[in-house]
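Novice: Protein chains in written order, with this note's numbering: chain A, 1 to 324; chain B, 1 to 324.
One or more of the hints may lead you astray.
Since copy identity is lost for identical chains, a pair holds within one copy or between any two.
Calculated lysine to any residue pairs in the SDA-like style (CA-CA distance at most 25 angstroms, straight line) [claimed, not checked]:
| hint | residue 1 | residue 2 |
| --- | --- | --- |
| 1 | LYS222 | GLU306 |
| 2 | LYS246 | SER64 |
| 3 | LYS323 | GLN278 |
| 4 | LYS44 | ALA296 |
| 5 | LYS30 | LYS323 |
| 6 | LYS30 | ASP320 |
| 7 | LYS30 | ILE309 |
| 8 | LYS44 | GLU306 |
| 9 | LYS323 | LEU284 |
| 10 | LYS44 | ASP320 |
The hints are simulated quantities; they were obtained by calculation from the structure and are not laboratory data.
In this text, all values refer to a predicted model and were calculated from it rather than measured experimentally.
Protein chains: 2
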Amino acid sequence: MDIDTISEKIVAGDRRALSRAITLIESSRKDHREQAALLMERLKGAERQAIRIGMSGTPGVGKSTFIESFGTMLTAQGLRVAVLAVDPSSARSGGSILGDKTRMEQLSRDPNAFIRPSPAQSHLGGVARRSREAVAVCEAAGFDVVLIETVGVGQSETVVAEMSDLFILLLAPAGGDELQGVKRGIMEIADIILVNKADGDLKPAATRTCTDYAGALRLLRKRPQDPAGFPKAMMVSAMQQEGLEKAWEEMTALVEWRRENGFFDARREEQARYWFEQEVRNGLLARLETPQAREAMQDYAARVAEGTITPTVAAQEMLDGLKG
Amino acid sequence: MDIDTISEKIVAGDRRALSRAITLIESSRKDHREQAALLMERLKGAERQAIRIGMSGTPGVGKSTFIESFGTMLTAQGLRVAVLAVDPSSARSGGSILGDKTRMEQLSRDPNAFIRPSPAQSHLGGVARRSREAVAVCEAAGFDVVLIETVGVGQSETVVAEMSDLFILLLAPAGGDELQGVKRGIMEIADIILVNKADGDLKPAATRTCTDYAGALRLLRKRPQDPAGFPKAMMVSAMQQEGLEKAWEEMTALVEWRRENGFFDARREEQARYWFEQEVRNGLLARLETPQAREAMQDYAARVAEGTITPTVAAQEMLDGLKG
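Chain A on its own, in the form it takes in the complex:
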């Protein structure tokens, strides 16, 4: 595959080239990794900027329906939308989120939309790099909005937040003490909480849930990167296509404010640093993955388990061995 050609085609909006590039990025073959690195360097020159929207929601909140409705609304406004998924659990479950495009029937046939399921990878580090690079490729391909969706598994929300300009938490209406159902960290990550299914019988519950979360968000310390009123909670009905335009207005207003106040670029720079540091760490740890290192690790581990050597001393010897 010729990197110059594929790079030009991507920038020209060729969807097949885009798909092939993402496949290249997802490959773990050494030569593919090198080609991918080259491609990323090349695409950097495109200097296009999408709004990267991270999105999380546990199964059952209506994520697919939301993406279908929201994405279709955006393309109807003339915007080009890419949808990517980050799901470190997909390797385990055998499936992958977004794998079932039939749940986004309209959007998946939309010429201005591009949907890509999560790569099948066993560890979050691998998924993270591939997703981050896929976001950059979609950006270079001229998409206006890149939606990066994840399920609330382990650290996946943090990972997605680190590649997004803003983060949306999708919730379903709930009763009583449901505030506690949301992981602690996510209230700090979320810029906008959308309470979905605000329609029919669930409308009153949705209203209550939205009020509860709005109250909870007000209790959080104000973040410098937020204009007045943010983070905020809003109601939407993906099924009835209600509240989606309003949600999009809020998103763009937030992005606009951050751009004007320097937080948008600052955040992207911070994210680039973060990913660089992560890659260095992962690269160092990869030294434990050679056949010799694995064997040595196993031998020491066996002696540690027997109790003939302490973990600390065994680790020190192992590290000395890696140096030599």
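Use these hints to put chain B onto chain A, whose structure you have.
Specialist: Below, chain B alone, put in the same frame as chain A:
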């Protein structure tokens, strides 16, 4: 400090030697680390085994009162009890859990009890190694029970579970949907859930909470290391000293069963392997902490933030530099 002497004194039950040993373990000075490693090798020979009980509970559940009552009950039975804390946040907050011994007035004056606050460390890896070694020292010193308490911050519960024979989750009575307030992972870690404050006005709420958790625990897949009925939820009142004997009976019954069925030793072996692997990983990552590596990291990070190099390529160059 002479390691042979201090080691003998610890085994003979000398409390000052024990305190000094833990101070040595907590030091990050290179010569202290070497001495500590030597000491740990020496104490391995003591071949004493305590019951290591990990314990978590968010602020407000009455953890200090529980430890005071539970520990005092144990020493009244003639058992020697050590209490250690793992709190990676203590460096940030400036304080430390267990720092305020006045909240365990009776236990802290008890000659058969030893209380040690969490070391002030900024990162969990450091706290973890020091705490794990402190547990082993207390064990060699002949304590029958080592309580390792933590607050539910980040990964600290996992860390504590990895140095414990059983894990107790302390909860307060709550209303409605409170099940969701507990972090997902902890339901898998907990062997016994104790609903504290089952007294006075809170008794009905405690009963309901206990029933709810008992129900939730029954929904979990049975773990091979559990006899029938475990994990289980029980009510206690640390303030009224109710239910503590029963809780202790359940703990010892669980430990006994695991000993007889080989799970006790198997778990300790697994934990030793885990800590060995963690130390190797941390040791590798320490290569990024030299002045030269820090400087190179900063330079690359700046270029990555500017966008003149991609995170992937920068990371590759950085890693190549570390090799040379």
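Novice: Can you list which hints this structure breaks, lowest number first?
Specialist: Hint check: 1 fails alone, others pass.
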